Structure formats: structure tokens, C-alpha cells
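From first to last, the protein sequence lines stand for chains A and B.
For the first sequence, my numbering begins at 10 and goes up steadily by one.
For the second sequence, my numbering begins at 397 and goes up steadily by one.
A hint or two may mislead.
[To be verified] Straight-line C-alpha distance at most 30 Å; calculated DSBU-like pairs for lysine-lysine:
(1) Lys-258(A) <-> Lys-142(A)
(2) Lys-142(A) <-> Lys-410(B)
(3) Lys-720(B) <-> Lys-410(B)
(4) Lys-77(A) <-> Lys-142(A)
(5) Lys-511(B) <-> Lys-142(A)
(6) Lys-516(B) <-> Lys-142(A)
(7) Lys-528(B) <-> Lys-142(A)
(8) Lys-511(B) <-> Lys-77(A)
(9) Lys-494(B) <-> Lys-516(B)
(10) Lys-668(B) <-> Lys-410(B)
Keep in mind that the hints were calculated from the coordinates and are not lab data.
Everything numeric in this text was worked out from a predicted model, so none of it was measured.
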Amino acid sequence: MPPPFNPPLSIAEIRDVFPDLSIDTALQPGGQGSVFTINTATSNKAVLKIYSQDTALIRIRHEIEALKEIESKYIVKLYNYGEVALRNSQLKFSIMEYISGNEATQLLAKLSLVETKRALHDISLGIEILWDKRIVHRDIKPGNIIRRDNGDFVIIDLGIAKHLDKTVATKTGSWLGTPGYMSPEQAAGRRALTFKSDLFCLGILIYELVSGNHPFIRNQNLINVLRTPPSLKSFVSTIDDSTSDIVDKLLQPFPLDRPRSCREVYSIFRG
Amino acid sequence: MYFENIDYHWNFLKQIPVRGAIFKPSSQNYVSSLRRHKNFDGEILFDPQLYLLNFPIILNDFSTLLCNLSTYPWFGMEVSEFDDTSCNIRAWTKSILKDIKNIWNSRNDPLENWKDTVIKCVQYQIEFGCSKIIIPATAISDPESNLKEDFARLDSAIDIASSLTKLPLLASVPFQDTAIRHRDPNDSDLIEAIADGISARDNIVGAYVLLSFLNASEERIHNQRIAASLLTLCKALSQNAEMIVIANYLESFGLVAQAFGAYGYGSGYRRKSKRFSFNDLKDSGGGPASPKFHSLALTMDFYPETELERIRDIHLTKYFADDKTPSSTPLLDQLNSGGPVNAIADWAESPNNVSAARVHYSELHTKFASKSWTPEQVLDWIQSAETNWLYLRNRFEENPLESNGSHISPWRSVIESILNH
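Based on the sequences and whatever the hints tell you, model everything.
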């Protein structure tokens, strides 16, 4: 992936345009822009994201609009957002919660059963909170989940989250997401997605976290032909039946065959 | 559960044992509607019919329809309020009809002020005494419809309706046949997207599904894809999502839908009540009707004298043994005794002598719809109807019956196909 800014934005440049912020370090840039850790006035660590001009404005708006409506420990918090003049351009920025912990990509095949249940609980609750605002995340995958140091799992990166009453962030309206991590209906370009699409992706995520294997070997075509993968239990014999059953149900190709609500997922693991 | 589609024959509800009725704006003005239904204590639904605006309304052909619709505030037409101190309803509607061109031409788009549209529509249903509230919706006519706006409007309507009432809410799914005619539901995203979208919404208890045609030539569904789509949706919403589905204008196919999970279906004796065809709403009135005996056993209607007597003469009235109701008993007894049908005044084939036939239709559907049918049982029923119909057709090959059972084989085929999946 090419860097969002070339040359990369320096801390000095950022300090110039954000004199009130205490810029800490530059993080690995994401696909949408440059990312810095900062210390806010209240001494909380936060993340400053400067979106490159190449990032579709509508995607930035989606992320910001999605996040500003939500207050949950299972979804990354948005503190501030706006526009700033930098390198002769007006660029969008956001300041979000800094989450100290591990990206789920680092946790593959390393979670205990209790931690797996907690992931299912926290992320399905997050998906429900998003759906209450009629937002479908559309990109639930290990790279977009962080486990906080206290063990809570948090959904991040709502860049392609879709408000049902807003325009989608692509010209074609389809194929926005990560191949291998899209539900069949999302990959088919359905625009009226529901939380059940995110639940399917949660199924992939948990399957992968527990077994270390992607249920569809990251092949979106296998998902699109509406096959059900081998049961999680067949890979991980130590997994308990309730967890295995719920993951198998999450991975059903037809939305109506998946859990009827997020509650059906997280209530199993409450407490 | 069987729901009688009520047009303007409101007193009919006193004569029949039905437990549910569906009312609608197309057949009565706002004021008359509110005044007339009060004595019915069954389950009441009021279909707001917003989907009518998606049909090609030609003012000169549909002035009576527009006159009725204009009195309901959610169609975006502005008419003078009825004041019973200054005129009667007849004079009021006459004045509206006189000005209908201006009223129609200066109408507002109900979708532009959606909140107001929903509020008025829900408030009316509350005042009407509905047992469930049908959320208004526009027609779904395109098989490629992405439903994005439909669901956004539904979400907003659910919020508004929930703030006005605790009554159960039903999402409207008003299909035009074009949306589901050309695709097998297994190859179409539309049905799955509708089922997914509705089942994902917490504050509704289910869906009011309506099949409409611009100009239907048949009283019953003949197209297998349409039939399969309806059953697939009923099954998905009721069995998978545990929601209720009330499907209107399905005629006897409603019993099949019930076996696949529908909570109820709407129909009625008159052609206009059996299926929704927009052109039925044209100003031109119908001619006099002769009575027809409705047979659920064969899913067909027969003229008592010109058809049933012929069937009796080949000793096959046994086909109708299950169709006996209080209203049809004198007719069937007379047939079995070998006497002429016209000796039973209620069933004589004379113009507009349809009261007994209408009551029989409702009695029969109420009786059968109150039973719990499995898909296998309805398959047995339809297979038997098909066998009997084919035999009758064969027996009367040289001088065919007017009644036609050509819908039965497609129904049987669809049921088999779904059961085999």
C-alpha cells in the first residue's frame, strides 16, 4: 500500500498546525492517512488521524458520523474532528481514543476459551450498538479489532461503515470491504445490509482467532458460493459446544439462518 | 386466519363469522369509513394503500378512486374538511369529485414529508380501531430494487409509529408482480433482502405482504415464480424469524401460505377481493354478477346450475363434501337429491343473487383457515384438487366447464419444489 503522504507527515509539521496538542509519536500509517499518538489536555492518550486527500470524503464523513453518535467501550471513541490546512490543502482530521492493547491479528490461535467468549460477547455487543444506529460496520476482521489491556475487545475503523440512510462510499456501491471477510450478501453488492452481515464476519473472526485458520482460507469466492465451512469443533476439539455452535450459526450463508439478534450471541456468554 | 377484504359492503360483516377484516381507502372516503365499521369486534386491519401512487393513475379513468384517496391525509391531496353542519357526506364527496382535477394536480409528494405522512396514517388506524398498525410503503416493482430507501423510510416510520402507539406494527411489503415474476426466489436477492431487512428490525411484529398487478387477467396466481416467492418470504419471516405474516389477495393460495407459516391471508368473494388488479379500480362499474359456488376442495368456483348440475349428473358431487357450510348446505343437499338448483332461491343463477354465495365463501375460508395445516397436508389437498380437476376436464372435454383449474398444477409444483429443498 503506498504511503498516504509522500514524504510522510512529520511530527514537526503536525505540531505547527496543532499547537495545542502534545504530539507523541507517529504510528504506522493506515490506508486512509497518517496516524499519531497525542496527549490531550486531560492527559488522556489519543490518536490523531490526518486523512490524505486521496481518501474519499464520504468515507471520512461516514467514520466520523458513525462514531460521533456512539458511546461504548466496545467501539473506539471519537473525541474531536475537523479540517486543517496542511501542505497547501484542506485536510480532514479526527482525534480518537487511543486503545492500549493488541490487535486481534496478534492473537490468532492464542485465545483461551474464556477470552474467546469475551471476544464474542464484546464484539457482538458492539455490532448491536452500531445497528441500533442503523450502522453496518462492513469490515469486521482481525485488523479492525483490538483487545484492550483490560481484556475488552474494541471495534475500530468505521471508515466504510454504512449508515443505511446515507450514500455508500464507492462509486459502484459494491465490493467495498476486505475480500475473505465479507458476507455473501455484502460481496453480492446488496445495499440494504443488516447487522447479520457483520455477524457473519464475526463468525469468520472468531473461527480464525480460535483455530488460527480462516474458515474460507481467505477466499471470498468460497464464501460467495454459499458453502458452510467445516465446524469449528472439527478444528478445535477442546472448544465447548455452545461456542462452537454459535460460531457455526454465525457462518450460515443466509442471513435468516444466522442468530436472530446480537443478543442471542452475547447473552450466551454474559458473565 | 382468514381476513375478509371489505370494500363498501360493510353490513356484510354482520352476516358472516369471519374473525378478521381488512379495510382500505380506495373503496370508501375517510368519513364514511370511520362511521361504518364500528360493530365489528374481530381483528381489524386498515391497509393505507400508499403503494397505489406507484401505479399509472390517469385522472379521467380513476376519478372515483382519487376522490376517495384525497380524503385521507397521507396521500398528499388537500380537500375541504367534512362539516356535517353544512352538508352531508354525499354532497361533500360530490364537491371533491367536481374539483378532483385541481386537487390531484396540486398534490404534494407524501414521501417528501414522510414524518407527517406516517403520523397521519398511524393516527387514522388508531382511530379506526385497528388491532395492528400497517406501516405505509411504496410499491416494490423492480426485481433489482436495492431497498435502501424503503428500509430507511421503514426505520423512520417505526420510530414515529412507536411514539404514537403500543399496538403491534407490521411492515408493508407491497409487491407489484413485476418484482417477482421473472426470477426464481432462490436466484433472486430481493426476497432474501426483504426477509433479512424486516427480521432485523426489533419494533415490528411482522409484515403485511400484498401482491398487486396492474392488470390481472386471472383471479388466482398462475405464475410459479410469484407463488414461490410469496411462500419463500412467508416461510423465511415466520419460521426463521418467528414474525407474523399477513398476506393479502392470495385467494385460496392463502391457505398454502398459512401452511408455510403465514399468520393469515386476505381474500373475498368478489373478483376484486380475491386479487389486486389496479385496473379494477377504474371508474367503470361492473355488470351484474351471477352466484358462484366456491369449492376449496377444488380451489375453484362453479356456477350452480350450469356447472354443478352437470357435475352432479356424472355423480361427482362427492368432490364437494368438504365444502359444506351452513350457507351451502341447501345447495349441496338439493344437488345430492337430484333436484334442480334453481329451486333453491339463494343459489339460483339470477343477476346479483350472490348473498348466499358470498357468505358461503367467507364461512368456508374461515373454517379452513382456522385449522392448522402442514405443508404436507396442503400438498395432499392440492394434489387431490389437481387430480379431480383433471378428471373433470377430461370428462367435459367436448363441452368444457367455464370454470378453470389451470392454476392448480403450478401451485402443486411450487409446493413440491419448496418441500424438496
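Results for each hint:
no.: 1; hint: Lys-258(A) <-> Lys-142(A); result: holds (24 Å)
no.: 2; hint: Lys-142(A) <-> Lys-410(B); result: violated (47 Å)
no.: 3; hint: Lys-720(B) <-> Lys-410(B); result: holds (20 Å)
no.: 4; hint: Lys-77(A) <-> Lys-142(A); result: holds (11 Å)
no.: 5; hint: Lys-511(B) <-> Lys-142(A); result: holds (18 Å)
no.: 6; hint: Lys-516(B) <-> Lys-142(A); result: holds (25 Å)
no.: 7; hint: Lys-528(B) <-> Lys-142(A); result: holds (26 Å)
no.: 8; hint: Lys-511(B) <-> Lys-77(A); result: holds (24 Å)
no.: 9; hint: Lys-494(B) <-> Lys-516(B); result: holds (25 Å)
no.: 10; hint: Lys-668(B) <-> Lys-410(B); result: holds (20 Å)
Violated hint for the displayed structure: number 2, the only one.
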